[in-house]
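**Q** Work out the full structure: start from the sequences and follow the hints.
Residue strings, one per chain:
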Amino acid sequence: MKRLLAVALGVLTAIGGFVDIGDLVTNALVGSRYGLSLAWATLIGLVGICVFAEMSGRVAAVTGRATFDLVRERLGPRAGLANLVASFLVTGLTFVAEIGGVALSLELVTSVYYLLWVPLVALAVWLVIWRVRFSVLENVFGLLGLALIVFGVALWQLHPSWTGLLHQVAVPHKPDGEGTPTYLYYAIALFGAAMTPYEVFFFSSGGVEERWTRKDIITSRINVFIGFPLGAALSLAIAAVSALVLLPVGVNVDTLGQVGLPVAVAAGKIALAVAILGFVAATFGAALETGLSAGYTVAQYFGWQWGKYVRPREAARYHAVVLLSVLAAVAVLLTTVDPVKVTEYSVVFSAVALPLTYFPILVVANDPDYMGDSANGRVTNALATGMLVVIVVASVAAIPLMIATKAGQ
Amino acid sequence: MADGRQLDLQLQLLDRQVVDAGGRLVCKVDDLELTATDDGRLLVTAILIGPRALGPRIGGRLGRWMAGIAQRLSTPDRQLPPRIDFGQVTDIGTAIAIARRRSEVDVAPLDDWVDEHLIGRIPGAGHAS
Amino acid sequence: MRASDLIGADVLDRDGRRLGVVTDLRCVQDGPLRGAMATPRVAALLVSRRHTGSLLGYDRRDQQGPWLIRRIVRRLHRHLLEIPWTAVASYDGQITLTASAADLTGH
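Residue numbers (this note's numbering), protein chains in the order written: chain A, 1 to 409; chain B, 1 to 129; chain C, 1 to 107.
The reader is advised that the hints may include incorrect statements.
[To be verified] Chain B residues, not near chain A, derived (Cβ > 12 Å throughout):
1) Gly4
2) Asp39
3) Ala46
4) Gln71
5) Arg78
6) Leu80
[What the hints assert, rightly or not] To give an idea of the interface, some chain A residues facing chain C are shown, with a C-beta separation under 7 Å as derived from the structure:
7) His159
8) Ser374
9) Asn376
10) Thr385
[Claimed, not checked] Where chain B lies over chain A, by a calculated footprint (3+ residues, C-beta under 8 Å):
11) 64 to 76
12) 122 to 136
13) 142 to 154
Hints in this document: simulated from the structure, not taken from any laboratory. Yeah, the Cβ is synthetic: ideal placement off N, Cα and C, and Gly gets one too.
**A** Here's what the structure looks like:
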């Protein structure tokens, strides 16, 4: 019974933790402009993150080695360093977006200007990382993030034509009047929002923090294969309500308030309050994960002791990196850059950086010296190789499309 | 133990995590020291650590800069990169295990400095959570 | 000296012809016993025409997946040579061998 509860907790945390500011903004934005005709990109991203996280989790459980540790080992110090710089910058950008997201959510509740919230949020993020136990940190915000289920409720309240929605998903049709390059650009953005690198850094490092062994592979798989798809369903619900409420009136989402607007329209003020609670929980949780991951990447490249499972004094350099990242993120936000815009860029750059970390994990997951019997089977490999091709295509196409479409205008 | 076993340095030793007797993470194998014997054999004698070992492997201006800074910051009695004698190695697997504990192997002066001047001063630094 | 002095170094045969670069040092643990293990001794150089980094282990195991990556890595390093350490005449910046390319590669 206890085991069942633990597994259920893991799944619920995975669902609530799946959605971050990137998913919130990108799905709402795309829904308000393209309806559900880009849902296929979210679904492909879902398959990708499931494959990636499953491999990383399995590697962490069998070898006790986290993702970035293996990146340098397989790619060598030079390519590994280039990889570190790219991954750290993307994770840092996402960190900025998440802290900004928490501040914007608090502004929605209190009408206090978001910049005044930023330093407080950053302090809270750092304090939680410093003092709160890893499992508590993971579970509390994951569970609170389930408040976002209110988007599903709102969708229900709108009484949509379910067959109509399903048709949009299954038979993608680029709306007339929208260019193909922009359509593809947003496909990559959705893909990057579903497959952010920090999720994998956090998932595998978290596995090591929680001392996973082979026995935990099953739990890890349940979290991934049940939790993530349900989380993706939430993302699609966000896109769907946006499509049903905002698309007909031509409102394009560019503020966090507009992300929540369809919920208020469909299900009233209390629902909106729940949605905002969900925003705060999801973005705060994601801020914790990205903050920790900024430290994981650097520490794992250099071989420093990292993690919350040891006393901070034993992992001094790791905690210093996390602290400096928090300060840097605040500094960036204080330049009054729009967090929503930062979010839009962060998901695209996530797609660009993906192959760098995916490839080494794919190689390690196949290495019999490392994995023994737990190495990738044929089916996993077929799927994983297919995803590799998709990831590389998305990564290569992202920047040219960004330039060509002026970041999705 | 493991006599006659084949070892490819780049594949199995270099850039691998070094773990101490208590399971704590120590460093990466940033480079390896090779010593030539009188009878023409070339033996692997130590693990080399830190920016002075890693810098040349990264190469280019960045690598030289890394190594240069570390050289300038080091005290006169520590001119060569820190080393762990290969005799300390107890296992070569997904990580390289060594016989001693991290605190006994003086390989992370930066960590000690950061601990002393920054992290160690923040309340709560002594307990894991 | 260091492993990094040899890995990445150019390899020339007796006549000065460039055979490639060292991608790895193949060692055998049959040196003097130190602590718990026998000291590894450099037994051979793995030399590849291209400098595209590590072989990632695909040369050692026939069936390591995934298929696509194995094919690509094998193709990039299809002229891989394993040259015994005894064939090395000198190693100073670049590595010169005692034999000629013809002796080593068979053509």
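**Q** Could you run down the list of hints and mark each one as holding or not?
**A** Verification of the supplied hints:
1. With 12 Å as the threshold on Cβ separation, the claim that B:Gly4 sits away from chain A holds: the shortest Cβ distance comes to roughly 17 Å.
2. Every beta carbon of chain A lies more than 12 Å from that of B:Asp39, the smallest distance being close to 32 Å; the non-interface claim holds.
3. Chain A leaves B:Ala46 outside its interface by the beta-carbon criterion, the shortest separation being 16 Å against a cut-off of 12 Å.
4. Non-interface status of B:Gln71 relative to chain A is upheld: no Cβ of that chain comes within 12 Å, the nearest being about 18 Å off.
5. At the 12 Å boundary, the C-beta of B:Arg78 stays outside the reach of chain A, the nearest C-beta of that chain being 19 Å off.
6. The beta carbon of B:Leu80 sits about 19 Å from the closest Cβ of chain A, which is more than 12 Å, so the claim that it is off the interface holds.
7. Nearest Cβ of chain C to the Cβ of A:His159: about 46 Å, over the 7 Å cut. The hint is violated.
8. Interface restraint check: A:Ser374 against chain C, minimum CB-CB distance 13 Å, threshold 7 Å, status violated.
9. With a least beta-carbon distance of about 6 Å to chain C, the hint placing A:Asn376 at the interface is held under the 7 Å criterion.
10. Among the interface hints, the one on A:Thr385 holds; its C-beta lies about 5 Å from the nearest C-beta in chain C, closer than the 7 Å criterion.
11. Residue count for the segment 64 to 76 of chain A with a Cβ under 8 Å from a Cβ of chain B: 6. That meets the three needed, and the coverage hint holds.
12. Chain B is given as covering the segment 122 to 136 of chain A, and this holds because 5 residues of the stretch bring a CB closer than 8 Å to a CB of that chain, at least three being needed.
13. Only residues whose beta carbon comes within less than 8 Å of a beta carbon in chain B count, and the segment 142 to 154 of chain A has 0; fewer than three means the coverage is violated.
Hint compliance for this structure: hints 7, 8 and 13 are not met, and every other hint is.
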